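Generate the whole structure from the sequences, applying the supplied hints.
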Amino acid sequence: MNSRKYLIEKIVKIVLLIFTCFIVFVLLSIFYGIFKKGLPALNWEIISQVPKGGYYFGKEGGILNAIVGSLYLAIGASLIALVISIPAAFFIHTYLFSYPKWQKRIRLWLDVLWGIPPIVYGAFAFNFMLFMGWPSSLLAAMITVSLLISPVMIRSMDESLQHNSKGLFESALSLGFFKGEIGFKFLFKQSLPGITTAFLLALGKGLGDTASVLFTAGFTDYIPESITEPAATLPLAIFFQLSSPIPEVKERAYAAAIVLTIIILIISILSRVLSKRFSKNRIK
Amino acid sequence: MNLENNTSLIDEEIIRKDESKGLHNLIYVKDLSLWHGKQQTLKNVELNIRDKGITVLLGPSGCGKTTLLKTFNRLTDLDPDIKTTGSIFFEEKDILTKNIDVYALRQKMGLLSQRPHPLPGTISDNIRYALKLKGIKSKVEQDDRIEYYIKKVALWDEVKDRLKYSANSLSIGQQQRLCLARGLAIEPRVILADEPTSALDPISSRKIEEQFQELSKEFAIVLVTHILRQAKRLADYTAFMYYGEVVEKGKPSDLFENPKTDIFKDYLQVGH
Numbered sequence: 001m002n003s004r005k006y007l008i009e010k011i012v013k014i015v016l017l018i019f020t021c022f023i024v025f026v027l028l029s030i031f032y033g034i035f036k037k038g039l040p041a042l043n044w045e046i047i048s049q050v051p052k053g054g055y056y057f058g059k060e061g062g063i064l065n066a067i068v069g070s071l072y073l074a075i076g077a078s079l080i081a082l083v084i085s086i087p088a089a090f091f092i093h094t095y096l097f098s099y100p101k102w103q104k105r106i107r108l109w110l111d112v113l114w115g116i117p118p119i120v121y122g123a124f125a126f127n128f129m130l131f132m133g134w135p136s137s138l139l140a141a142m143i144t145v146s147l148l149i150s151p152v153m154i155r156s157m158d159e160s161l162q163h164n165s166k167g168l169f170e171s172a173l174s175l176g177f178f179k180g181e182i183g184f185k186f187l188f189k190q191s192l193p194g195i196t197t198a199f200l201l202a203l204g205k206g207l208g209d210t211a212s213v214l215f216t217a218g219f220t221d222y223i224p225e226s227i228t229e230p231a232a233t234l235p236l237a238i239f240f241q242l243s244s245p246i247p248e249v250k251e252r253a254y255a256a257a258i259v260l261t262i263i264i265l266i267i268s269i270l271s272r273v274l275s276k277r278f279s280k281n282r283i284k
Numbered sequence: 001m002n003l004e005n006n007t008s009l010i011d012e013e014i015i016r017k018d019e020s021k022g023l024h025n026l027i028y029v030k031d032l033s034l035w036h037g038k039q040q041t042l043k044n045v046e047l048n049i050r051d052k053g054i055t056v057l058l059g060p061s062g063c064g065k066t067t068l069l070k071t072f073n074r075l076t077d078l079d080p081d082i083k084t085t086g087s088i089f090f091e092e093k094d095i096l097t098k099n100i101d102v103y104a105l106r107q108k109m110g111l112l113s114q115r116p117h118p119l120p121g122t123i124s125d126n127i128r129y130a131l132k133l134k135g136i137k138s139k140v141e142q143d144d145r146i147e148y149y150i151k152k153v154a155l156w157d158e159v160k161d162r163l164k165y166s167a168n169s170l171s172i173g174q175q176q177r178l179c180l181a182r183g184l185a186i187e188p189r190v191i192l193a194d195e196p197t198s199a200l201d202p203i204s205s206r207k208i209e210e211q212f213q214e215l216s217k218e219f220a221i222v223l224v225t226h227i228l229r230q231a232k233r234l235a236d237y238t239a240f241m242y243y244g245e246v247v248e249k250g251k252p253s254d255l256f257e258n259p260k261t262d263i264f265k266d267y268l269q270v271g272h
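Protein sequence lines correspond, in order, to chains A and B.
Just so you know, this note's numbering puts the end of the first sequence at 284, numbered straight through with nothing missing.
Just so you know, this note's numbering puts the end of the second sequence at 272, numbered straight through with nothing missing.
What the hints contain is simulated information worked out from the structure, not anything from laboratory work.
A hint or two may mislead.
Claimed, not checked - With a straight-line cut-off of 27 Å between C-alpha atoms, the simulated DSS-like cross-links for lysine-lysine are: (1) LYS38/B - LYS166/A; (2) LYS52/B - LYS185/A; (3) LYS38/B - LYS104/A; (4) LYS152/B - LYS52/B; (5) LYS137/B - LYS164/B; (6) LYS152/B - LYS101/A; (7) LYS93/B - LYS280/A; (8) LYS93/B - LYS30/B; (9) LYS166/A - LYS108/B.
What the hints assert, rightly or not - Ranges of calculated distance between the beta carbons of each label pair, as one might list FRET restraints: (10) ASP81/B - GLY180/A: 22 to 32 Å; (11) PRO117/A - ASP101/B: 43 to 53 Å; (12) LYS164/B - LEU17/A: 41 to 51 Å; (13) THR85/B - VAL273/A: 49 to 59 Å; (14) ASP81/B - HIS163/A: 18 to 28 Å; (15) LEU133/B - ARG105/A: 25 to 35 Å.
All figures in this text were calculated on a predicted structure; none of them were measured in a lab.
Where a beta carbon is used, it is the ideal one built from N, C-alpha and C, also for glycine.
Right, dumping it as C-alpha cells:
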C-alpha cells in the first residue's frame, strides 16, 4: 500500500515540476531572445542620443527620446494615480467601515475596471481629446495611464489594509480619533508597504503599456520640454522599429527592449526591498 | 424648557437619592433596549455603575455584555443596523442622544479590547498618540508622561531599553498592558474592559488583574468577563446577564452566596 503512495507522490511531484519549469523556461527564452538579437546593437550612443536624420533607416542616433518620455509618463501617471488612490482606499476602510456591502461592491467594480483592456482606455481618451480638440500630449497620456492603473493601486492598498483593520479602527476610535484622522495617521502607516508596492507596480505598468499611449501620447523624436508636448515612449519606439524592413533598425528595437526590461527589473527589485523596509512598524 | 435640561434634572434626582444612601454612581443605564436589525440583543437593561471600583458584567458568550459595553462609548454607532431605546446617563447627560460629543465621550471611556491593538509605530509612539490627542505638545513633557504611564502599568522595566522598537515586537501580554497605558494617557473616567485577558497566558492575565485592582481606586472599571473565578476575584459589584437581560445584580458577597434565579445557579455550578 505504502509503496503506491510513494509512487503517486513521485508522479505528482514530477508533473508539478514540469509546469513550473515550463513557465521559467518561457521567461528565460524571452530574455535570451531579446539579449541575443539586441545586445550587438546596444551601445552608449543608443541610450544617450535622440534620433538623428535617417535614424529610422539605420543611420546614427538613439532612443533617448523614448527612454525619457517613458520615464516622464510613468512617473507622472503614477503620481496622479497615487493622489486618486490613497483617499479612495482610506474611504473604503474608514467611512465605509459600517457598510460592508458597499465595500464589496466597490471592490468588484475596481476589479472589473482593472479587467478593461488598455486599448479601450486609449480609445476612450482619444475620443474625448478629439471632442475637446486637444492634440496628443504627455499630459493626456499621463491622465489616461493614471486612470488605467488607479484600480489596481486602490485594490493593492485595500488588500494591505484588510488584515487587522477592524481592531485597529475600533481601538483608534476608542481613543477619540475621528475617522479621517485614523485614515491618514494610522492606515497610512499600516498600508505604506502596500502603497510602495502599488506605486512601483504602476510605474512598471506605465512604462510598459503600449495600447493606451498609442493615440494619447503621440510620438516625437525630441525630448518633451513641457507636459503639453507629445512624447515618445519605449514600447512605441520598439513597435515602430520592429516593423521596419531594415535589419539594423530591427536590431535596435531589441536593444530598446533590453533597456525597457532592465528598467522594469530594477523597479521590481526596488519594490521588494522598499516594501520590506516600510513594513517595520506595521502591526501584524 | 428643552429636552437637555429635562434629562439633567432626572439625573440629579437619581444622584441625590443615591447619595442619601451613601452610594456614588457614575453611569445610570435606564430601560436600555438594543436591536441588531430585527434581533433584540439587549432587553430593558437597568444598571448603575459605581464611581470607583470594578463592576463586572458576567455571563455566557453572546449574552450581550460586550454590546452593552460598546453602547457606553458609542462604538455601536459603527453598525448602522443597531437601534437603541432608553437612556444611559453619564455626567448629567444622556449619552445616547444625538447632540452628544462622541469624541469627547470616548476619551472619557477608555476601552481595552479582547485582543490588544497597538497602533502602527513604536512603543513610545503608541502613548504619544494619546498625549497629542490630549493637546500635550512639548516633547519633554510627552516623554515624561510616556515614562509615567508605562510605569503605571508595570511595563517600564521590560521596555525601557527598546522604546524605539515597533509595538509589534512586544509579546501579546505586554501589548495589552501597553494598550492599557495608552488608554490611561487619555485620562478617562471610566475604563471599559472587554474580556481583556481572554487572549493572554495566565501570568499576563494575573498582571492585568493586579493592574485593575490598583486602578479601581482611581477609576470606574466596567469589566466584561465570562470567567466566574475572575469575577469573584475582582468584582466590587456584579451584574449577571443572560440573553440580553440583566438577570441578577448586586454585591458579589450576596450574589454568589445566594443566587435567586435558576439560570444563575446553573452558571455558578458549571463555573466551579
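Hint check:
About 24 Å separates the Cα atoms of LYS38/B and LYS166/A, which keeps this hinted pair within 27 Å; it holds. Among the hinted pairs, LYS52/B with LYS185/A is inconsistent with the structure: their alpha-carbon atoms are about 34 Å apart, more than 27 Å. A hinted pair counts as satisfied when its Cα atoms are at most 27 Å apart, and LYS38/B with LYS104/A qualifies at roughly 23 Å. Proposed proximity of LYS152/B and LYS52/B is supported: the alpha carbons are some 18 Å apart, at most 27 Å.
Under the criterion of a C-alpha separation no larger than 27 Å, the hint pairing LYS137/B with LYS164/B is consistent with the structure, at around 19 Å. Straight-line distance between C-alpha atoms of LYS152/B and LYS101/A comes to about 43 Å, which puts the hinted pair past the 27 Å bound. As the CA atoms of LYS93/B and LYS280/A are separated by approximately 44 Å, the hinted pair breaks the 27 Å bound. Simply put, LYS93/B and LYS30/B have alpha-carbon atoms about 12 Å apart, close enough for the 27 Å limit, and the pair holds.
Our distance criterion of 27 Å between C-alpha atoms is met by LYS166/A and LYS108/B, whose separation comes to about 22 Å. Checking the proposed 22 to 32 Å range against ASP81/B and GLY180/A shows it holds: the Cβ atoms sit about 23 Å from each other. Between PRO117/A and ASP101/B the CB atoms are about 51 Å apart, so this pair conforms to the stated range of 43 to 53 Å. At roughly 46 Å, the beta carbons of LYS164/B and LEU17/A sit within the given window of 41 to 51 Å.
For the pair THR85/B and VAL273/A, the supplied restraint of 49 to 59 Å holds, since their beta-carbon distance comes to about 56 Å. The hint said 18 to 28 Å for the Cβ distance between ASP81/B and HIS163/A, and at roughly 24 Å that hint holds. A hinted range of 25 to 35 Å holds for the C-beta pair LEU133/B and ARG105/A, which are about 34 Å apart.
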